[in-house]
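Chemist: Using the supplied hints, reconstruct the complex from the two chains, each of which is provided in its own coordinate frame.
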Amino acid sequence: EDQVTQSPEALRLQEGESSSLNCSYTVSGLRGLFWYRQDPGKGPEFLFTLYSAGEEKEKERLKATLTKKESFLHITAPKPEDSATYLCAVQAGSTGTALIFGKGTTLSVSS
Amino acid sequence: GAVVSQHPSWVICKSGTSVKIECRSLDFQATTMFWYRQFPKQSLMLMATSNEGSKATYEQGVEKDKFLINHASLTLSTLTVTSAHPEDSSFYICSARDSGLETQYFGPGTRLLVL
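Protein chains in written order, with my numbering: chain A, 56 to 166; chain B, 1099 to 1213.
Only chain B is shown next, with the shape it has when bound in the complex (with noise of 0.2 angstroms):
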């Protein structure tokens, strides 16, 4: 039980272009996700965090024009980055928390590399 899936597990995008990044909690209900962005060696950044229908929260710094997030439904949030820039190339990685319960289940990443 407690499985989050993400999608793309990685991807090559162009400077300028936008990409998505999708996350799923495939057998549970989740109220809250949250994105996380890691730096090789480092511990995990939060970035925001974004409640069924309802606006996110980002992280002081976090440029919400830049980092597009909806949480549509009860099992998908995405993160679009949009504009992308050589100094996005990160691992972004997803955590659901499932509702009732205060333990965050995370995906297993998304390698995003801008050329």
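Next comes chain A alone, as it looks inside the complex (with noise of 0.2 angstroms):
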């Protein structure tokens, strides 16, 4: 069964304070990962597609990498407008064009 699993349910960090969020999957054929950020009662914000093992992509302080099994979502020296839920989703070739989303990983960021 195809699955998608966001690891820590939650994080509080400090302003400048780095850390990384989890997505681990399992799913057969992998056509590509998405990340996403929500704010408190809005729509899912785009943020990065990954297609294949090794790819990476930036933008301003988050980072997304993937391998064959996870990726990761990193942070660096985040301000409290980071603060949000970020999804992770996939998409594979048992499901057509529809994505498999992560439960989320919220994120609070302190000044």
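For the record, the hints were derived by calculation from the structure and aren't laboratory data.
The model shown is predicted, which means the values in this text are computed figures rather than measured ones.
Be aware that one or more of the hints could be misleading.
What the hints assert, rightly or not - 20 angstroms max Cα-Cα, derived SDA-like pairs, lysine to any residue:
id, chain 1, residue 1, chain 2, residue 2
1, A, 112, B, 1100
2, A, 97, B, 1112
3, A, 97, B, 1156
4, A, 97, B, 1124
5, A, 97, B, 1106
6, A, 114, A, 160
7, A, 118, A, 104
8, B, 1139, A, 160
9, A, 118, A, 149
10, A, 118, A, 139
11, A, 97, B, 1206
12, B, 1112, B, 1189
13, A, 97, B, 1144
14, A, 112, A, 85
15, A, 118, A, 102
16, A, 112, B, 1200
To be verified - Pulled a few chain A residues facing chain B out of the computed Cβ check, cut under 8 angstroms:
id, residue
17, 68
18, 84
19, 86
20, 87
21, 101
22, 127
Glycine residues also receive a C-beta, built at the ideal position from the N, C-alpha and C atoms.
Modeler: Laid out in structure tokens, this is it:
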């Protein structure tokens, strides 16, 4: 069964304290792995798409990496405005165009 | 680029009435659109996938006669919640997939409250 697991469920950081969020997956035929950011009461905001192991993408303080079993979202020197829920989703050969979402990691950054 | 809008952003209705939610891709053509439902502090639950010009594909457990989906053009999909009940109260989010790409872009969501 295709599955996506995110850890930790919640993460509290001090401003400037770098850390990583994990997304592990077991799917048949990965077609893409996606990271989204969701603020309370809003729809998910697209961050990154990764297609193959070894691929990395960066945007401001965020960097996403992908291996054959998991993806990491590295947050460097976070600021309070980075506080949000970060969602990982995969598209697999078995699911067509649909995404399988993890439950998310809620990040809180305090100043 | 890749902007998706939803309307309305929130709606309150009486039990037994129907509510229509619109989802539009503003700057790209979307051959496929998706409808999700999200409960408080939970992740997104896919309800259905709609392809332009054809019938929607519903996920297991989602009543197709209750949640009517129409995808009449490459930029518009609608979700109609028929005979709404309080248990239909939720946050409904649509997404659109840019033709030729894998990425889904999400709308801002519609909060539905059924009294």
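Chemist: All the hints need checking, so say for each whether the structure fits it.
Modeler: Structure-based check of each hint:
Taken as a hint, the residue 112/A and residue 1100/B pair is honoured in the structure, with Cα atoms around 19 angstroms apart against an allowance of 20 angstroms. Proposed proximity of residue 97/A and residue 1112/B is contradicted: the alpha carbons are some 24 angstroms apart, above 20 angstroms. Under the criterion of a C-alpha separation no larger than 20 angstroms, the hint pairing residue 97/A with residue 1156/B is inconsistent with the structure, at around 24 angstroms. With a CA separation close to 18 angstroms, the supplied pair residue 97/A and residue 1124/B stays within the 20 angstroms bound.
A hinted pair counts as satisfied when its Cα atoms are at most 20 angstroms apart, and residue 97/A with residue 1106/B qualifies at roughly 13 angstroms. Pair hint residue 114/A plus residue 160/A holds up; C-alpha atoms about 18 angstroms apart against a cutoff of 20 angstroms. Proposed proximity of residue 118/A and residue 104/A is supported: the alpha carbons are some 11 angstroms apart, at most 20 angstroms. Pair hint residue 1139/B plus residue 160/A holds up; C-alpha atoms about 11 angstroms apart against a cutoff of 20 angstroms.
Restraint check for residue 118/A and residue 149/A: not satisfied, since their Cα atoms lie roughly 28 angstroms apart, outside the 20 angstroms limit. Distance hint between residue 118/A and residue 139/A is fulfilled; the C-alpha atoms sit about 16 angstroms from each other, no more than 20 angstroms. Distance hint between residue 97/A and residue 1206/B is fulfilled; the C-alpha atoms sit about 5 angstroms from each other, no more than 20 angstroms. Restraint check: the Cα-Cα separation between residue 1112/B and residue 1189/B comes to about 17 angstroms, which is no more than 20 angstroms; the hinted pair holds.
Taken as a hint, the residue 97/A and residue 1144/B pair is honoured in the structure, with Cα atoms around 16 angstroms apart against an allowance of 20 angstroms. Distance hint between residue 112/A and residue 85/A is fulfilled; the C-alpha atoms sit about 17 angstroms from each other, no more than 20 angstroms. Proximity of residue 118/A to residue 102/A is assessed by CA-CA distance (about 10 angstroms); at most 20 angstroms being required, the pair is judged to hold. Distance check on the hinted pair: residue 112/A and residue 1200/B sit about 16 angstroms apart at the alpha-carbon level, within 20 angstroms; holds.
For residue 68/A, the suggested interface contact is broken, since its CB lies about 20 angstroms from the closest CB of chain B, more than 8 angstroms. At a threshold of 8 angstroms, the smallest CB-CB gap from residue 84/A to chain B is about 13 angstroms, leaving the interface hint violated. Using the Cβ-Cβ criterion of 8 angstroms, the hint placing residue 86/A at the interface with chain B is satisfied: the shortest such distance is roughly 6 angstroms. Hint on residue 87/A holds. Least Cβ distance to chain B is approximately 5 angstroms, under the 8 angstroms limit.
Interface hint at residue 101/A: satisfied, since its Cβ lies 6 angstroms from the closest Cβ of chain B, which is below the 8 angstroms cut-off. Nearest Cβ of chain B to the Cβ of residue 127/A: about 19 angstroms, over the 8 angstroms cut. The hint is violated.
Of the hints listed earlier, those the structure fails to meet are numbers 2, 3, 9, 17, 18, 22, in rising order.
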